[in-house]
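Protein chains in written order, with the working numbering: chain A, 25 to 428; chain B, 25 to 428.
Quick caveat, the hints were computed from the structure, so don't treat them as lab data.
Hints are supplied without guarantee of correctness; some may be wrong.
[Claimed, not checked] Under the rule of at most 20 Å between Cα atoms (straight-line distance), these lysine-lysine pairs were calculated in the PhoX-like manner:
| hint | chain 1 | residue 1 | chain 2 | residue 2 |
| --- | --- | --- | --- | --- |
| 1 | A | 149 | A | 51 |
| 2 | A | 387 | B | 421 |
| 3 | A | 128 | A | 48 |
| 4 | A | 421 | B | 272 |
| 5 | A | 313 | A | 387 |
| 6 | B | 421 | B | 26 |
| 7 | A | 51 | A | 152 |
| 8 | A | 421 | B | 221 |
| 9 | A | 272 | A | 221 |
Protein chains: 2
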Amino acid sequence: MKIIEGNVTSPKGFSAAGIHCGLKKEKKDMAVIVSNSLCSAAGCFTTNVVKAAPVLYDMETVKNPIKAVVVNSGNANACTGEQGLIDAAHTADVLAELAGCEGKNVLVASTGVIGVNLPMDILTKGVKDCYAELGSDFESGENAAAAIMTTDTFAKKICCEINIGGKTVTLAGMSKGSGMINPNMATMLCFITTDAKISSEVLQKALSAAVVDSFNMISVDGDMSTNDTVIALANGLAENEEIKADTKEYDSFFEALFYINKTLAVMCAKDGEGATKLIEAHVYNAPTKNDARLLARSIVSSNLFKAAIFGSDANWGRALCAMGYSGGKFEPMKVSLSFVSDNGSILVMDKGRPIVFDEDLAKKILSEDKIIVDVDVAEGSAEATAWGCDLTYDYVKINGDYRS
Amino acid sequence: MKIIEGNVTSPKGFSAAGIHCGLKKEKKDMAVIVSNSLCSAAGCFTTNVVKAAPVLYDMETVKNPIKAVVVNSGNANACTGEQGLIDAAHTADVLAELAGCEGKNVLVASTGVIGVNLPMDILTKGVKDCYAELGSDFESGENAAAAIMTTDTFAKKICCEINIGGKTVTLAGMSKGSGMINPNMATMLCFITTDAKISSEVLQKALSAAVVDSFNMISVDGDMSTNDTVIALANGLAENEEIKADTKEYDSFFEALFYINKTLAVMCAKDGEGATKLIEAHVYNAPTKNDARLLARSIVSSNLFKAAIFGSDANWGRALCAMGYSGGKFEPMKVSLSFVSDNGSILVMDKGRPIVFDEDLAKKILSEDKIIVDVDVAEGSAEATAWGCDLTYDYVKINGDYRS
Numbered sequence: 025m026k027i028i029e030g031n032v033t034s035p036k037g038f039s040a041a042g043i044h045c046g047l048k049k050e051k052k053d054m055a056v057i058v059s060n061s062l063c064s065a066a067g068c069f070t071t072n073v074v075k076a077a078p079v080l081y082d083m084e085t086v087k088n089p090i091k092a093v094v095v096n097s098g099n100a101n102a103c104t105g106e107q108g109l110i111d112a113a114h115t116a117d118v119l120a121e122l123a124g125c126e127g128k129n130v131l132v133a134s135t136g137v138i139g140v141n142l143p144m145d146i147l148t149k150g151v152k153d154c155y156a157e158l159g160s161d162f163e164s165g166e167n168a169a170a171a172i173m174t175t176d177t178f179a180k181k182i183c184c185e186i187n188i189g190g191k192t193v194t195l196a197g198m199s200k201g202s203g204m205i206n207p208n209m210a211t212m213l214c215f216i217t218t219d220a221k222i223s224s225e226v227l228q229k230a231l232s233a234a235v236v237d238s239f240n241m242i243s244v245d246g247d248m249s250t251n252d253t254v255i256a257l258a259n260g261l262a263e264n265e266e267i268k269a270d271t272k273e274y275d276s277f278f279e280a281l282f283y284i285n286k287t288l289a290v291m292c293a294k295d296g297e298g299a300t301k302l303i304e305a306h307v308y309n310a311p312t313k314n315d316a317r318l319l320a321r322s323i324v325s326s327n328l329f330k331a332a333i334f335g336s337d338a339n340w341g342r343a344l345c346a347m348g349y350s351g352g353k354f355e356p357m358k359v360s361l362s363f364v365s366d367n368g369s370i371l372v373m374d375k376g377r378p379i380v381f382d383e384d385l386a387k388k389i390l391s392e393d394k395i396i397v398d399v400d401v402a403e404g405s406a407e408a409t410a411w412g413c414d415l416t417y418d419y420v421k422i423n424g425d426y427r428s
Numbered sequence: 025m026k027i028i029e030g031n032v033t034s035p036k037g038f039s040a041a042g043i044h045c046g047l048k049k050e051k052k053d054m055a056v057i058v059s060n061s062l063c064s065a066a067g068c069f070t071t072n073v074v075k076a077a078p079v080l081y082d083m084e085t086v087k088n089p090i091k092a093v094v095v096n097s098g099n100a101n102a103c104t105g106e107q108g109l110i111d112a113a114h115t116a117d118v119l120a121e122l123a124g125c126e127g128k129n130v131l132v133a134s135t136g137v138i139g140v141n142l143p144m145d146i147l148t149k150g151v152k153d154c155y156a157e158l159g160s161d162f163e164s165g166e167n168a169a170a171a172i173m174t175t176d177t178f179a180k181k182i183c184c185e186i187n188i189g190g191k192t193v194t195l196a197g198m199s200k201g202s203g204m205i206n207p208n209m210a211t212m213l214c215f216i217t218t219d220a221k222i223s224s225e226v227l228q229k230a231l232s233a234a235v236v237d238s239f240n241m242i243s244v245d246g247d248m249s250t251n252d253t254v255i256a257l258a259n260g261l262a263e264n265e266e267i268k269a270d271t272k273e274y275d276s277f278f279e280a281l282f283y284i285n286k287t288l289a290v291m292c293a294k295d296g297e298g299a300t301k302l303i304e305a306h307v308y309n310a311p312t313k314n315d316a317r318l319l320a321r322s323i324v325s326s327n328l329f330k331a332a333i334f335g336s337d338a339n340w341g342r343a344l345c346a347m348g349y350s351g352g353k354f355e356p357m358k359v360s361l362s363f364v365s366d367n368g369s370i371l372v373m374d375k376g377r378p379i380v381f382d383e384d385l386a387k388k389i390l391s392e393d394k395i396i397v398d399v400d401v402a403e404g405s406a407e408a409t410a411w412g413c414d415l416t417y418d419y420v421k422i423n424g425d426y427r428s
């Protein structure tokens with residue numbers, strides 16, 4: 025696998041655009057991705073009972089061959105009643121007419137404020153204006169990545185190449201965070217393009233597996249969104265022999281797809297609303313993989329622990345406390361816990377006993393912008409990693425008056 | 025039931041004291057409650073896997089007749105290994121010797137920093153000094169309520185009288201919050217005294233039932249503590265005929281006990297760390313009581329919603345979103361939601377459809393210090409109420425450097 029500079033337009037046959045259409049005051053707020061040919065598609069969606077209209081629409085539509093995706097930021101089209109469903113379908117129809125396909129071949133996604141119907145005049149004109157800007161160059165992909173941002177502070181995209189039977193296959197993705205982010209997807213949209221030849225069934229299998237230890241292992245604030253969506257589109261233009269499940273080609277493809285997912289997920293955690301630090305919780309020697317995941321996610325989800333990390337305070341008891349209500353199995357009296365950063369590492373709990381540690385060293389370690397919490401559960405051999413961010417004044421500021 | 029000015033020393037035969045013993049820098053940090061005679065006792069404890077040493081100690085000890093309780097703030101004696109258990113038992117022994125009973129008749133409770141062993145020299149001297157201050161007057165009860173506070177901004181206590189077969193029975197309670205508070209108990213200690221004559225079995229039945237819709241329905245930050253404890257002591261000195269289960273006397277007693285629990289729980293929510301507003305989520309017409317509880321608790325637990333309330337922002341979509349990931353059953357397209365305060369009420373969602381509402385009026389309503397979120401689920405007849413608080417800069421400030 026080779027990591028390259030690129031974005032969603034890097035795989036063969038994909039064009040994209042990102043523009044300001046008027047949903048937000050000034051910033052880009054609409055993106056379109058179009059493939060030259062119909063794609064195998066796969067999707068993973070929020071498990072929130074309250075699903076936004078585009079999620080309900082996509083959950084059905086993704087079963088079809090897909091040619092294009094339209095994404096708007098600034099309005100989530102969530103909690104918008106029956107009208108929301110009509111608006112989502114209409115948006116797809118508008119793009120379908122331009123792209124020369126049917127509405128059933130177009131996916132839609134929205135992010136932003138909940139509970140306000142889409143202004144369809146602005147949206148319809150926006151789709152047309154955005155389509156007119158389509159390009160397969162690098163800059164067009166960058167514009168698309170910028171247009172899906174809400175409170176994100178940087179655009180998130182990644183690209184890599186693999187070799188499948190002598191053919192170069194490219195995978196790329198873009199995503200947005202950055203609040204309402206919690207395990208089991210986030211207020212998180214992610215769009216992955218690839219020119220791999222792969223059936224939608226096999227692509228779905230790979231995508232479903234890839235999100236488990238990537239997007240489902242991040243948390244910003246414990247709020248699982250109504251709009252979480254990860255879409256993968258594969259147009260087959262790399263002309264590789266079709267990737268079948270349980271082959272070494274599948275393994276190569278999965279490795280690359282997981283890399284894309286994980287990289288974008290960690291970017292979302294790092295860019296959590298108001299975040300100043302990335303927190304990585306690494307739990308190992310757990311009884312089962314599921315226990316390890318529950319324990320790791322609970323640590324990065326604890327408000328108290330996240331606030332302590334903001335203050336560079338080695339309050340490790342809060343991490344242990346969060347493990348205690350996670351539902352994951354472990355024996356508190358066996359746990360060892362260390363903090364690790366570029367400034368060193370420090371053991372603070374050793375097999376259930378608190379260690380008297382050097383507070384100055386701990387402060388120095390926790391002052392870095394990436395903090396690893398290393399937890400040895402000493403109960404088995406399973407491990408998992410979760411990512412989150414600190415809880416800061418700016419999180420409160422951003423969310424105290426998001427709609428204005 | 026008559027609400028009276030009083031505290032844990034108001035029921036007959038109870039003395040208390042609260043002093044500064046040196047665990048904290050300046051503030052009171054130790055309280056003792058002693059009954060003239062052995063009490064029937066009942067307790068409810070944290071369900072966190074990581075249970076503090078005093079919790080493990082009390083879970084066994086509460087089965088015995090109880091004569092006294094000692095509580096320290098400033099150190100939680102949690103995550104303190106085997107030494108923590110030894111220290112908890114030793115603390116009980118010190119008080120037992122003074123009170124003329126055995127260690128098995130004394131309960132202990134701790135709150136404060138996790139992961140630091142108790143300084144037993146300070147604690148032992150503290151118990152003796154505190155015992156020397158014991159009094160059955162009002163002020164002694166007030167001192168005890170003050171001594172169990174951590175980041176609480178006010179002492180929490182309540183008292184009431186009921187008539188049981190011609191005898192006046194008094195119940196009183198004191199509690200502390202105010203961070204690490206989440207459904208299924210809180211970092212929350214609560215001590216209830218009563219002179220009622222009631223067996224420990226019937227008292228436990230009443231207490232267990234009373235916490236379900238009181239302490240288990242509050243959330244400050246989603247972090248379930250290692251130390252949550254609710255203790256009730258009944259010494260029988262009111263000389264009423266013993267209260268039996270399933271009688272009208274039991275119903276009167278339960279009503280008073282629930283009132284004590286609920287009042288103290290709401291005080292804890294209102295005084296959540298950094299809080300400026302009390303949030304009350306009232307969910308009704310839900311399919312089952314359990315669904316109603318899950319939905320109500322999820323609303324008051326959502327960081328995003330709590331931050332919006334801090335900013336007086338009527339971002340009701342976040343409440344609906346929180347209901348969506350609560351696990352409670354409901355149909356989003358049927359929900360109606362209003363905000364209510366002393367400044368009026370405003371409907372923002374009507375049977376699944378968002379309402380275009382008067383933003384100025386909404387802001388005015390949300391500017392009050394008690395906000396009710398009124399949710400009609402339109403799916404049944406069950407209801408529940410949960411309490412929480414807004415998420416503020418001060419929450420982050422308080423928790424960013426709690427240990428210093």
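Going down the list of hints, with the structure as the test:
This hinted pair checks out: residue 149 (chain A) and residue 51 (chain A) have alpha carbons roughly 16 Å apart, not beyond 20 Å. Among the hinted pairs, residue 387 (chain A) with residue 421 (chain B) is consistent with the structure: their alpha-carbon atoms are about 17 Å apart, no more than 20 Å. About 28 Å separates the Cα atoms of residue 128 (chain A) and residue 48 (chain A), which puts this hinted pair outside 20 Å; it is violated. At roughly 52 Å between alpha-carbon atoms, residue 421 (chain A) and residue 272 (chain B) are farther apart than 20 Å, so this suggested pair is violated.
Between the alpha carbons of residue 313 (chain A) and residue 387 (chain A) the distance comes to roughly 31 Å, so the proposed pair goes past 20 Å and is violated. Under the criterion of a C-alpha separation no larger than 20 Å, the hint pairing residue 421 (chain B) with residue 26 (chain B) is inconsistent with the structure, at around 40 Å. For the hint linking residue 51 (chain A) to residue 152 (chain A), the alpha-carbon distance of about 18 Å falls within 20 Å, and the restraint holds. Distance check on the hinted pair: residue 421 (chain A) and residue 221 (chain B) sit about 52 Å apart at the alpha-carbon level, beyond 20 Å; violated.
Annotation: proposed proximity of residue 272 (chain A) to residue 221 (chain A) holds, straight-line Cα distance about 15 Å (limit 20 Å).
Of the numbered hints stated above, those contradicted by the structure are hints 3, 4, 5, 6, 8, listed in ascending order.
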